[in-house]
Every structure is written in structure tokens, then in C-alpha cells.
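Peer 1: Sequence:
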Amino acid sequence: MRSRVRGPLTRENPKTGEMDLCEWLGLGEAGRTLGAVRARLQRRVVREAFPEGVRVAAWLVLAGAEEADADGYRRLLGQGPASSAAKIARDAPRTFRGATDFGARVEPGAITRVLNAAMHDLGAHYVQGMNALCGVLIYVGGELLGFALFRRLCR
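1 is the number of the first residue of the sequence shown in our numbering; add one for each residue after it.
Take these hints with a grain of salt, some might be off.
Taking CB as the label site, the calculated pair distances span [unchecked claim]:
1) Pro93 with Gly26: 24 to 34 Å
2) Pro51 with Ala86: 20 to 30 Å
3) Glu107 with Gln79: 15 to 25 Å
4) Gly28 with Pro51: 16 to 26 Å
5) Gly103 with Ala39: 34 to 44 Å
6) Gly28 with Asp69: 20 to 30 Å
7) Gly103 with Gln128: 15 to 25 Å
8) Arg44 with Arg97: 28 to 38 Å
9) Pro108 with Gln79: 13 to 23 Å
10) Ala39 with Ala104: 20 to 30 Å
11) Arg44 with Ala89: 32 to 42 Å
12) Thr100 with Gly35: 37 to 47 Å
Calculated from the structure, these hints are not laboratory results. Here a beta-carbon is modelled for each residue, glycine too, at the ideal position from N, C-alpha and C.
Start from the sequences and build out the full structure, keeping to the hints where you can.
Peer 2: Printed below as a string of C-alpha cells:
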């Protein structure tokens, strides 16, 4: 059975102006399989930059994190602070401290929540610098998609 592309990859979001990734890639309904989308993305990424409206969807497909599991994320958050919570609490507020547009788009607790959930999920310990990577992903995709991308990149 061929996996079909669903979720944020195939819907236009009028609030954010995000485009349909499959449409941008020139794939019709029949071509919306995960393999076709990934192959087309890999060819296009070499030739051109992604428009902002499809960037997050493209990152999700290329990272192999096509779907973000909101229920799973909530379960991980319910486990409370990770063993590295003290380090995370020190570093998270310093993430891009001088960038005013970052602070306007990323809620202060989002980095802390994503990192704690990811450490539970991965069975890992936080190391300095994870906050910066996590912050960029949240800035571009929001908290849930940022978590999905961060988790996938760390695996």
C-alpha cells in the first residue's frame, strides 16, 4: 500500500497563507504519495529556495516527520520535567535573547516544553546548543511541528 500525503502538507491555511506543498511541486491527486513528494522535494531543494508558505511542510517531509502527534506530545508533557530540566531551564530563556522578532513568535515556555518532552521521548540528556536548534524549529513551525522536527532530527 502506498502512503498518502496528509495533514499540513495538503491543505491551504488561510490564516498563515501556507500553500499546498503538492500543488507547489506540481503533483496532481494521483501523485500525492509520500515517495513522489519526497523525490520531487529532493530535486527542487537543489535548485531553489522554498517559499515561506511551504517551508515547514517541506522540512517535515524531508525529515521523515510528516505527521505531528499532538496526543503523544501531550502525554510526554504530562511526564513533567526531564532529568535535564535544570540545564534546560537555564538555557531556554537565553535562546536568541536579543532577537525581538523571535520573542514575538516563540512563547517563552515553548522551548522548555519541547526540550523536556523530547528528552523523555528520546531517553536522552540535554546538551548545550539543543535550545538554539529547537528555537529555530519552533520559530518556523510552531510548538507542535517544532517538536516533531526536533525529535526526528535527534533520532
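Peer 1: Please go over all the hints and tell whether each is borne out by the structure.
Peer 2: Outcome of the hint check:
| no. | hint | verdict |
| --- | --- | --- |
| 1 | Pro93 with Gly26: 24 to 34 Å | 43 Å, violated |
| 2 | Pro51 with Ala86: 20 to 30 Å | 40 Å, violated |
| 3 | Glu107 with Gln79: 15 to 25 Å | 20 Å, holds |
| 4 | Gly28 with Pro51: 16 to 26 Å | 20 Å, holds |
| 5 | Gly103 with Ala39: 34 to 44 Å | 38 Å, holds |
| 6 | Gly28 with Asp69: 20 to 30 Å | 28 Å, holds |
| 7 | Gly103 with Gln128: 15 to 25 Å | 20 Å, holds |
| 8 | Arg44 with Arg97: 28 to 38 Å | 35 Å, holds |
| 9 | Pro108 with Gln79: 13 to 23 Å | 21 Å, holds |
| 10 | Ala39 with Ala104: 20 to 30 Å | 37 Å, violated |
| 11 | Arg44 with Ala89: 32 to 42 Å | 40 Å, holds |
| 12 | Thr100 with Gly35: 37 to 47 Å | 41 Å, holds |
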